[in-house]
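What follows is each chain in one-letter form.
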Amino acid sequence: MTQRILIVEDNPVDLRLFEQALSSAEREVVSCADGRAALAAFEKHAADVVVSDIVMPNMEGTELLRELHRRVPGLPVILVTRYGSIAAAVAAMRAGAFDYVTKPVEIFELQTRVARALERSQLRRENATLRQELAAGFGPESVVAESAHSRALMELVRRIAASDATVLIQGESGTGKELIARLVHYWSDRVGRPFVAVNCKAFAESVLESELFGHEKGAFTGAIAARQGCFERASGGTLLLDEIGDISPEFQAKLLRVLQEGEVLRVGGAEPRRINVRVVAATNTALKDKVAAGSFREDLYFRLNVIPIVLAALRERREDILPLARHFLERFAARAGRHMTLGPDAESMLLEHSWPGNVRELENAIERAVVLTRADVIGAGDLMLDRVGGALHRGEAASTQPPPDPPRPAASAADNDSNHRTSAREIHDVSLTEYLDKAAGERIAQALAKAKGNRAEAARNLGIGRATLYRFMRRLGNEHSYPRRDNDSNGAR
Amino acid sequence: MRDSLPGGNVALAELVDLFLADLPERLAAIRAATERADAPALALHAHALRSSAGNFGAEALDRICALLEQAGRDHATEKACATLVELADEAERVRRALLAVRSTG
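So the sequences go chain by chain: R and Y. Residue 1 is where the first sequence starts when you use my numbering, and the numbers rise one by one after that. Residue 1 is where the second sequence starts when you use my numbering, and the numbers rise one by one after that.
Simulated from the structure, these hints should not be mistaken for laboratory data. The beta carbon of each residue, even a glycine, is placed where N, CA and C say it ideally should be. Warning: the hint list may mix true and false statements.
[As the list claims (entries may be wrong)] Below 25 Å or equal to it, Euclidean Cα-Cα: the simulated SDA-like pairs (lysine to any residue) are:
1. Y:Lys79 - R:Arg82
2. R:Lys288 - R:Ala226
3. R:Lys201 - R:Arg159
4. R:Lys288 - R:Arg338
5. Y:Lys79 - R:Val55
6. R:Lys201 - R:Glu146
7. R:Lys254 - R:Arg303
8. Y:Lys79 - R:Pro57
9. R:Lys44 - R:Arg82
[Said to hold, decoys possible] Counterexamples of contact, computed for chain R against chain Y with all Cβ distances above 10 Å:
10. Asp10
11. Ala21
12. Val55
13. Val105
14. Gly268
15. Arg474
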């Protein structure tokens with residue numbers, strides 16, 4: 001990983017001396033003759049370490065130090081002071097300098113101090129990244145890969161992590177595309193640098209351009225200050241462009257140019273900025289089909305698809321289901337301060353479920369079960385796979401594996417699927433909310449029939465306000481079951 | 001310096017060239033600042049020349065520049081006038097010495 005050193009020195013002889021002393025194949029040395037130019041250069045491309053003279057025209061080294069620390073607190077800055085000026089050295093350290101060297105500069109001393117500052121800079125970055133990774137639970141120990149597909153996938157990720165090639169991850173929603181992108185980053189040399197993820201679908205196109213490429217002050221209404229885009233924020237690291245299949249043809253052209261040129265132009269900016277970012281793109285749509293349909297540029301597709309990774313749906317790698325479920329259970333139970341296990345019936349149900357929402361659905365099911373189950377053994381019914389979000393493949397598990405335990409109430413149980421309300425058997429199986437909804441729906445239907453569709457009269461007969469009646473009707477889905485009477489048209493909504 | 005610079009003789013020659021190229025302009029700037037009693041400019045240019053001279057071990061030039069820098073800081077530019085001749089003589093001596101170093105490479 002290239003280290004970047006910014007040298008600020010108005011004396012051309014000293015400046016060149018510093019450049020000579022600090023240059024190496026692994027380093028990029030940028031030089032500026034004064035503080036203002038240094039700040040501009042730093043904003044364009046942040047440095048790992050800054051070496052600055054104290055006595056300079058326009059802006060003194062200590063002032064530059066303060067400005068740099070306003071931008072990046074803790075950035076190692078080495079100030080250069082005249083030999084014998086102890087007061088200046090003390091002031092430099094008090095101002096927050098990492099270290100100081102005195103003129104005339106001893107080259108070995110300068111090199112040693114800069115090397116130490118670079119080490120500090122690297123440690124700071126790594127610490128920040130590790131904290132970020134660990135907090136997010138994306139350490140290598142978090143990977144669960146039992147199936148042949150997953151083991152091969154992990155092996156592939158390990159191999160490709162070392163390169164800088166662009167990766168295109170394709171897979172259904174919930175299959176773990178972001179996790180794979182993070183692993184590509186986490187297991188690469190870029191680990192100490194930022195991982196930035198952006199969901200391209202979440203932004204309007206004009207906002208997306210500013211979000212990715214940044215903008216200059218005054219570039220548009222509300223741009224009160226210049227702002228780095230995701231490409232710049234991910235400098236030296238990895239940028240995940242999620243939902244890449246959803247960007248417009250116009251934006252595809254802009255993105256292609258950035259990837260080809262290796263530089264971004266901020267919105268409202270005049271000068272392109274070099275970028276050093278590994279791009280990982282992800283999509284849940286078949287990008288190739290979009291290329292065939294003409295809605296996605298073929299050249300961009302090839303630019304992104306240097307290393308393709310296709311994630312299998314969870315139903316296609318069933319060996320992963322139970323290890324993943326146990327992994328999630330361990331995590332959520334520990335968070336709740338409990339020790340819990342999966343009962344045999346729960347394991348059977350997990351294996352039989354079709355998992356249309358993939359790993360995310362499995363994770364949610366386990367978290368829900370941990371929250372709602374009082375016992376330490378989770379049963380099939382605690383998973384509520386047949387009631388939440390229509391996740392069940394009803395043809396199989398619903399008919400062959402009825403939940404043996406009474407189902408628990410769930411916030412999302414207001415399911416309009418009449419299959420849940422009709423049979424006498426299900427009176428015992430449905431949740432309390434569903435049962436009450438069913439009763440309320442029948443009572444409201446009776447009241448409306450008696451009032452010949454007059455909502456106000458039906459509400460009075462039911463002993464509730466009209467607003468409450470409308471709310472019930474909307475929730476139960478029989479809002480339009482009865483024709484509205486004219487004198488009822490201004491009813492509360 | 002020659003031994004500790006990563007580029008050795010080539011790097012040193014480049015620094016000497018830079019110094020020699022900068023020297024006349026720097027001397028002129030010190031003289032002009034003194035003549036127009038511009039104390040901050042005198043301090044700044046004397047400081048810059050002192051810094052460069054120190055890199056080559058030019059101790060006498062370093063010392064003269066230190067006097068000039070201090071005169072600038074003390075807003076005593078009149079004191080600097082007397083030192084200008086000494087500065088020019090010493091700068092010339094350093095220039096010749098560095099040219100000799102340069103030619104023996």
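Tested hints:
no. : hint                : result
1   : Y:Lys79 - R:Arg82   : 22 Å, holds
2   : R:Lys288 - R:Ala226 : 37 Å, violated
3   : R:Lys201 - R:Arg159 : 30 Å, violated
4   : R:Lys288 - R:Arg338 : 46 Å, violated
5   : Y:Lys79 - R:Val55   : 22 Å, holds
6   : R:Lys201 - R:Glu146 : 32 Å, violated
7   : R:Lys254 - R:Arg303 : 13 Å, holds
8   : Y:Lys79 - R:Pro57   : 23 Å, holds
9   : R:Lys44 - R:Arg82   : 30 Å, violated
10  : Asp10               : 7 Å, violated
11  : Ala21               : 7 Å, violated
12  : Val55               : 5 Å, violated
13  : Val105              : 7 Å, violated
14  : Gly268              : 36 Å, holds
15  : Arg474              : 76 Å, holds
Hint compliance for this structure: hints 2, 3, 4, 6, 9, 10, 11, 12 and 13 are broken, all remaining hints hold.
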